[in-house]
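What follows is the residue order along each chain.
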Amino acid sequence: MRLPVDPMCTADVATGAYSDERHAYDVQGASFCYDKLPGRESRWVLSDVSLHVEAGEILGIVGPNGSGKTSLVKLLAKLAVPQRGTLSLFGGNLADLSREETARTVAFVPQESPPAFSFTVAETVLMGRYPHRRQSRWSLGFGWEDREDCAAAAQAMATMDIGHLASRAVTDLSGGERQRTMIARALAQTPRVLLLDEPTAFLDLQHQLEICSVLRRLTDEQGLTVVIVSHDLNLASQYCDRIVMLKEGSMYSIGTPAEVLSVEALLAVYGCEVLIDPHPESGLPRITLPRQVVPFRS
Amino acid sequence: MMPSVGHSTSPAPALTSPPLPSTSRHSSAPMTGHERPFQGAILTPVRWCVIMGSLSVVALILAVVCLQLGTQYIGLGKLISVLSSALLDQPTDNDVLKTTNVILLQVRLPRVFLGFLVGVCLASVGVALQALLRNPLADPYVLGVSSGAALGVAVAVLFGIGTTVLAFSLLPVCGFLGGLVALLVVYRMAATYDRLPIHSVLLAGVILNAIFSALIMFITSIMEPNRSFGMMAWLMGSLTAPAYPALAALSVYLLAGLFLLFKQVRVLNILALGEEPARSLGIDTERAKRVIFLVSALLTGAVVSVSGMIGFIGMIIPHAVRLVIGADHRLLLPASALVGGIFLMVADTMARTFFVPSEVPVGIITALAGGPFFVYLLVWRKDRLV
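Residue numbers (the numbering used here), protein chains in the order written: chain C, 1 to 298; chain G, 299 to 684.
Treat the hints as calculated values from the structure; they're not laboratory data.
A couple of the hints might just be wrong.
[As the list claims (entries may be wrong)] Simulated crosslink set (SDA-like; lysine to any residue; CA at most 25 Å straight-line):
(1) G:Lys-587 / C:Tyr-270
(2) C:Lys-78 / G:Val-589
(3) C:Lys-247 / C:Leu-266
(4) C:Lys-78 / C:Arg-133
(5) G:Lys-561 / C:Arg-99
(6) G:Lys-587 / C:Ser-118
(7) G:Lys-587 / C:Tyr-34
(8) C:Lys-78 / G:Lys-587
(9) G:Lys-561 / C:Trp-144
(10) C:Lys-247 / C:Val-214
(11) G:Lys-376 / G:Ser-354
(12) G:Lys-396 / G:Leu-545
(13) G:Lys-587 / C:Trp-144
(14) G:Lys-561 / C:Arg-134
(15) G:Lys-561 / C:Tyr-34
(16) G:Lys-561 / C:Gln-111
(17) G:Lys-561 / C:Phe-142
(18) G:Lys-587 / C:Ala-258
(19) C:Lys-247 / C:Ala-258
[To be verified] Sample of chain G residues facing chain C (criterion: CB under 7 Å; computed from the structure):
(20) Ala-339
(21) Glu-584
(22) Ile-623
(23) Ala-625
C-beta: ideal position from N, C-alpha, C; glycine also.
If we strip away everything but chain G, and leave its shape as in the complex, we get (with noise of 0.2 Å):
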């Protein structure tokens, strides 16, 4: 038995002897000598504020270069001038200068920021959805949500709701519900006896992603030629951004999603154990699950809504992070989102610069990067899928 001590007389040394689990469960004796025990084994504050410091920094810098490159370059001091004026609103007279500020901010700027947010999504929703399918492999696209969303977004287009008024708001919501359907049959029917085996997850998607093709494919081959052309090159996966009011809406909206999902950065953490330990570690896991089901196809409904079928970001993502930083949510969801954002702004900026006059829809570029990763994880590195 450990001697009784009280917290002001002397510390308890706490490495030596045992606490009486009933009565010092709430103790908060200061410890001696270990100040940080478990130094390089455990996300600290510190090594949290580095990493993401040195990304928004790297994601900065790569704006900045995204929107130097495109059919004109733009120097970088016409870039500050031409920004800088944009912000203290002062009207140019300079017809050079003209051109430039209306590529900059009405093609460019709106361009780069809808990437990096559509990727933002993309790389958050991936996270949490692997985490609470315990699923390395899990993605919006591989498990069918994208093409739930994208049927919900042509079923509205065909009957006409795309061409209200109403539009924006409407759109995202067709697909947050397309989304939610395709999430929920997924789990439904792979969740066997309280467990989700991987690859019965897979199937589900796969089998879920050809029913939704094939919907959607029949309701192009109805649609007037000219419609249905626009159709397939936003199916492809294209950032073509809205005005101003249109993307601050889409703004205000996916981040309030991102809000919430961050908020479950430590659920995420224990989900991934187990659901059944996760319940006996006092967590809601029902209330969690459905949380991050809707939160999830809420973000991915908004963002096929906008830019088609993006695939692979959700999957590539979190594992390559996950590779460099670890496992711990708090730092691995805001890091996905970052490292997403920057990847889908590159990728777009690719997409195109690289083969002026004409563009390649970005989800071909991502679809290229992320289908080798997938393969390589499913052939050579079963031993991290077990």
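The shape of chain C in the complex, shown without the other chains (with noise of 0.2 Å):
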């Protein structure tokens, strides 16, 4: 169902920048490393990936560290060029789409940092709305929020339950609280696909239960694409449609939690052996740790 396509989003119909509805990212070959030249000593930090996702799917990338989970995800986030390959948005060349166009469309949420200054939660929120900002010669920079804006923000509060945090300040929140505000800014954007990396790496298991079920709850009811980098082989295999398995920088396996997560993949990838039984309520693997592994074993 659609609403009325408002004048001002026209442009991107005429443009023809999203032609694709169906598939929110197509990559093509992309490789990547951190050096502008990559000579015969640097390393790729990912090797040809090839993959789709699909519109309002939730897509996890696991894999071990140095995997090249971050930089999968900051690719698509166009946070970092590959030197060799393509990635597209909806259809369109993400190279080609300006910076502003990509943040109206991806929210990124990275790794938690700590916060420098003391913004309240409803002004780091707001800061979700810069992309949409109305731009005058005459505002100078300062750009006050209109009520869209501040409508998006309070909804986007409401999403992940921080109304009643507005005006406390960053700096004295605690880590879930915090992961939950910075989650909060990226809805604020209204994009249509959100990137997470780690959402939940330091929040304890309420918290990380909450979140993943928003996640769940967005995808189904609004069609957000999310993908999401995790550690947390079991919160994956739980929350995602599909698992994207990296190893050393390429593409180890793509497919459902239980197709990807089997022991002997996990055995390859990760070099240890782990129990499999099924999830007793999802019937989804369940990955559980032996009591006893040989150490370094590769």
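Bring the two chains, given one by one in their own frames, into a single complex with the hints.
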């Protein structure tokens, strides 16, 4: 069901920037390394990654440390540009999209970093409205938020259940509240794609579950596409529609949790034997660490 | 799914039903019920005007008081009559008024004005650098930008550029170049993997300060004694107002820099979140960094070339103002600018009235106020520094 299109956003349609509504991302042979000129010694952080991200799914990116998870999500967020290969966003070439157009479509929540200044929660969430600001020669960079901005921010804060924290300083929040604030900031961007880098890393069980179920609800109800980098294989298994497993910068496998998370695959990628049984509620694979492992076997 | 509603027929109840992200992105549905949803939590234009208005009034009143004070006290009535006659261009034939006229118009007014302007610039640069480096202790003095600028000016003076006709236009440029080099070196030294740890930024500033101070000392020591004495007095930070045409040129230069900085207020807000979040919000961070670095070096260079090393204003003022009015740079930057101007104006008045007939360099007063504040932040407010 589509709302009537405001004349302001018909520009995208007219230029045909977004032609493919089914695939949020189409990554073809992307290779990336951090040095500007890849020499013989420099290691490809990602090599020849090709994948689709369907619109409206939750895609999990898993893999051991240093396997290129964060780099992949940065490529998707256009924070890094691949040396080889192409990325397209809803059918439009990501490299051709302007920064602001990308920011109106894709929101990125980086790994937790402590805030330096005592912005209030409401101020922080409203920063997500920056790509939607009305540009005018006379605003001198001030650009006061209008009602639409406040409505979107209030909505995002209600979704993440931080409405009661609006006037608290982000420096005084607990880790969970801060992470929810950061996700609310991303939601205030009203994106079509939400990229999250380890969103549950520092959260307790209850907050992990809450954030994952909110993400599930947003994809189911509003068609949001979510790409989530996670260390937690069990969380990925329960909440992701599909999982990409990376090993040393290349794709090891992609598919549903049941297809990707097998004892053999985890042994090959992580180098340790785990126990896998069906989750008692969902029947999806559940990973359990064994009591003893031989240390550092590859 | 939310029912499809047109804008004209019924407004979307924005707080109860989720909008479709893909399509309602630009819809301008008016909010019902919640006219001001974040009362007290965000900066509003009304609050901005109230705070800036009252600060301007305070600045004006204190400027008048600073004009009155000095070796000779000037009453309010006399002050107003002198100022109004100067404005209306009426020559006076009263001898007493003539002396007052000279003291007020040739000495105090340019000096108070210069003090205010320098304070405004130092506080604004402090705000910008703190946001850019995500470091509440950043300050052009602490980071070595001031000493870089001072070195540039000292080199220029050593090679005699300072004595030519172009002195006024060239000294700020040399200061600008010195400050820019210092800023870039600090940034390069401290940046590790896209992050700027607070302590490595400070350490880089300390190291640069030490190197630049040594070079300035060297230059001072090889100068002729009379010039090196002037150099020392300037280095300690003193406001000696130039003649009106030069002052006007300096003001234009500084106001242009301030204007460029003020255009970046919203970008500063987001840069304070971190570089990656800022880029993901569509900000060209490299360009923003370049602009802020250049303008900061420009302002610091010009300020140092006229007033020497006046320290800590760029750190104390933004910090104190942030504690009171919050972190939003749309208000923080102009409010800090005004408070910085007021602070330096008052400090300079103290410097020239407390030890009459001699005068203390104002840099000593600001350093005596700022140093302990810095220690206080570092020792007792570690929680604020992370």
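TODO: Give me the numbers of the hints this structure contradicts, sorted from smallest to largest.
DONE: Of the numbered hints given earlier, those the structure breaks are 1, 10, 15, 16, 18, 21, 22, listed in rising order.
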